[in-house]
Amino acid sequence: MSTISRRRHVAGSWLAAGTMLAFGAPASAQDTVDVREIAPQQSNLHPVDADGASGGRVNGLAVARTDPQQVFAASEWGGLWRSSDGGHNWQHIPGHVPVATWDVKIDPTDARRVYATSFYDGRVQSRSGISVSIDGGVTWNRPASAAPPANFCEEETRREEPSAFGIAIDPANPAHVYVGTNCGLAISRDSGQTWSFIDPSPADGLGAGDVWSVIVHHGGIIDTCGDAGHRRSTTGGATWTAATGANQLPAGRCALGASPYEAHVVFAVVGTTIYETDNGGATWSTAYANPSPQGRIPFVAVNARSGGSYDLWFGDVSLQRRTCTTPQPASPGGSGRCAAGTWSNPFTRQAGGHDDVGTILFDPAANIDACPLLYSSDGGVYFNTRTANPDCHTPAWAQPATTPRATWHWDLAGISLPGVEGEQLYYGVQDNGTFGTMNAGADRPTWSNQHCCDGFNVAADTERVLTIVCCWSGDRAARLWVSSPGLAGPPAEIRTYPPGNLRRFEQLDTLTSLGGGRYLVLTTSGVFVTLNIAADPIVWTQLGAATTPFNACGLNVSTRPATGQITVFVKSGGCDGESGGPLFTYEGITAGGAWKPVRRQGAGLFGVYAADPADPDRVVAADLGGANAPEMVMTKNGGATWTSLPALNRLMVGNGAFRPMTRRGPIRWTLFSAYPQPTLVAFDPHDSNTMVAAGADSGVFFSRDGGVNWTLLTDPDNPLQSGRPHIPRARYVHFGHDEGGALRMYIATQGRGVWRVRIGPGQEPVSAAPPALLPSPAGVPQPDIAPPSAAPAPR
Amino acid sequence: MSLHLLGAVSFFLLSTYVGSALAQNGSVPLRCETFCSQSKLRTASARLSWTDPSLQPSGAAPPAGLTPAAPPQLDVTVMRNGFSTNAYATFPTADAGASPSPNFATPAAPRLRAYDLRITGALRPAITGAPAPNEVVAAAERRETTLLIENLEPGLRYSWRLRFNTAAGEQVTAPATCIAPVCPADIKE
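Just so you know, the sequences run in chain order A and B.
If you count the first sequence from 1, you need to add 416 to reach this note's numbering.
If you count the second sequence from 1, you need to add 17 to reach this note's numbering.
Chain B extracted, bound-state conformation:
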């Protein structure tokens, strides 16, 4: 399977993994890895990966009610139990690279630095496309979609979840939690 690449592929290639977490107790497992950008100083990033429920191996029919899945909404919180207390922000994922403004579950919530996130790219399996690097091919073979997010606030505990609108109704992943790394750069003066 080859890939259709959206957004900053170079960002994906030039990054360094430094931490990971895994949440798998939903029908759509969501995986979170955090790392420091190799291309931007002092920039903490996250890579969210999941297997799109509408994609099946070898062209098999997807589960009933799951076709076709529109790009999901991304919820993020830095609060303890933030999803259950409406202390989270929501980002659209359809326009990766557009740095969308989030919607807040509680509109009057303080606009924290933690939510100044940029969705810089997405890697999605597709039918055609150019040959891809090894790691991307491996991801495609797992039928994963990967979302690249940068400008995390270092040291914060981020929890993420995806909400899919399907014919069967809204499907929500179990939260995936990871710590944003500190990405030091000691600037020469």
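Only chain A is shown next, with the shape it has when bound in the complex:
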């Protein structure tokens, strides 16, 4: 049972939702629950390195033609965001519940009508795919007809687990809206009220597959691309044409852009290659070299310029522009329209914008020479400080005052400090680097963004913080750094590495502090421990053999209080927690031992798991191999027997609202496959009867009685109405306790930033203070931060 006590909106950010929850036994008193976003609102590294960022992965952007201050952003894992001041301050949109969003567009004649697309949301009755708002993005609806008919898709799971991609609005008839989906092309001719589905490649007999991009131009010509390569319709979708044989456009993720002056000239990005057709898609004979290939997401755009020319904008790692011309008289065929040009200097890191392009947005009020307004990337959204033609076409991007906070975390660690505000907290995020704060308990923590790029695992003791950062060219792409508390000072790379390479791009933990300068690290060669990270050289000792457990990840450590005996846990394979692998334990931290499997009869392939920090016999895990998989189970005797956790299992699937295991859900890097709901389970090291768990789509759960009873802390269904946020894909937690008896859980997510959940008597203090940020590290003194003095709580 829960009631809403308050909801606040402070400093442009969705901050708090206090909720009174009655927890199950043994707690009988009511506690106040406060769920608050504490993510940094800017990067203090950005002024000296434009790849320092805090926004996370943002793909689509939209601007209202009738009010260019109204802009929307679609983030890859953190839902929709909006700004009412032209992109300077961004707020999350809680009314749009699907969180893996791809594109967003605004009706050019009515700024209240907004279209958005999203990837499958894990629900049995899905809300993902196509969403429409008629109130400016406050509330959203998935029209009943926005689902393909039965036996229409390449596989039926595409209908049952819908995803949608690019959106196009016919400029000649804005009531005609086209959306690429994972089951063909969806068309609405009544401004999104009703939809029908078309397979652009009906003759191949395969059923409708992915249509990633659609454009509508020159009086209603429709071009699509995706699993069927390129398709063109000049009949409103009734008939389609395409190239054949080796002249086709390759199949896959793609983006399209059309010449503003020639209907038969279309540009396409598929994979990392830019193609051009000059005959309406009959052949794709021109290809342009990608100056910075990686393949983040496909992006290409055109922008009409005066004098009959136009700009071709392309982005992969960096954003590039080149000038294209139109032959006179315009006619199909001929040479590539942009072949004579060269790519201009990249307009990303060198121009104030983070690398890894999402999209670019132009001034909707201008038909010719429209200035680029906004740009999205792995760092969030940036606005163009050059606002006048022609300077604006050589953009100089600036970081918003309040960025979106759609960061994808790879780890989280903390150190408990005394006082209400005192708490060291550290995390690594996808392409936004590493962050640290010394006052994570404050209303607005003060964050330091130390490194750019990929911040992976983090660990800390009272003396130092260890971070794994990527990527350097050469043999050692990921490197281990030691920093002072708070990540405030300059980091130092360790001098002596253990054998193998530090593991990269994995959700499960590979670095852990044992306290007192002792650290465990996993590499591609095994599990290693050092008793003194400050030594020179560092002595690394391998635990067990190099090849067993194979592909080890997911470090957990348990220490018996009576003896101080350490037990190390790792998982073999399935290093994102989304596929199963066996568990192994190792007694002690000296060489010569052997890894022993932790078994469960008939299954024993686990996803996410946690070992009780004070009792190695007590393990809770997501069993992904058993008859009831995925199933949350617990052992209290080292795996001899396991029991199911029925209350948690019910919450994991929202009492039937969510699929326990998807079949075509979004995994990473815009791939679709199966994923289980469980993304997190953890014990509070201070009180192992306190536990937290999370589902990818179903929210964050809490238990105070050792896992018997569980309470949903978030709202995956109606966060706008309830005021409780939806926190998807929570993957990490750090527990802190203050003197007042309150528990604070710091939770980091894949794509929805970092949160603080306070549970206890009283309420969180609230101030209207502006976002706190350390000065940039370029020679600016750091603020006076008290050194830690409390007993550490290493993770």
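By construction, these hints were calculated from the structure, which means they are not laboratory data.
Since the structure is predicted, the reported quantities are computational estimates derived from the model, not experimental observations.
The C-beta atom is built at its ideal place from N, Cα and C for all residues, glycine as well.
One side of the interface only, derived from the structure: several residues of chain B facing chain A at Cβ under 8 Å:
| no. | residue |
| --- | --- |
| 1 | C53 |
| 2 | Q55 |
| 3 | M96 |
| 4 | N103 |
| 5 | A126 |
| 6 | P127 |
| 7 | E170 |
| 8 | P171 |
| 9 | G172 |
| 10 | L173 |
| 11 | R174 |
| 12 | I196 |
| 13 | A202 |
| 14 | D203 |
If you only want the chain A side, here are some residues facing chain B, beta carbon under 8 Å, derived:
| no. | residue |
| --- | --- |
| 15 | A644 |
| 16 | A667 |
| 17 | V686 |
| 18 | Q710 |
| 19 | D847 |
| 20 | C869 |
| 21 | W888 |
| 22 | R920 |
| 23 | W1085 |
| 24 | T1086 |
Assemble chain B onto chain A, guided by the hints.
Below, chain B alone, put in the same frame as chain A:
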């Protein structure tokens, strides 16, 4: 059963699975998994696995006409219906690790980046050999042969098939399709 290892075994060991697909409607099921290399930045790879029709459990005689199978040819396309429209490339698999140039079914076809593939290794069941890691042993127990291919173009939909020359004539697997993953690496400058 132990293994004879060809090519870059370390590549196999240091990889991370991120996606899979399965095609099984032929006499030789072909399975495709894609993943990002743990040892090479920005490198998308595929693992193709099949059960060699000439190998039988417990030394049983193989089906008539299927002995012995020479290393198959590997066909790959990134086009819709590419196999039926001769829009595919063919790689020999006998010299794994040699990065062979493909032959194109349509010789005048554009040389797409998508076909700049490297066959970096193969794992094939054999009679003798050194002890192998757990996963490889499991593969051997299934009598699978595994081909490791890298440098896929990220985001493309790859379809693969194998062609075996046997005494009974050419045998072609049903296509297996998988999406090449994006393997980001944000380079520090």
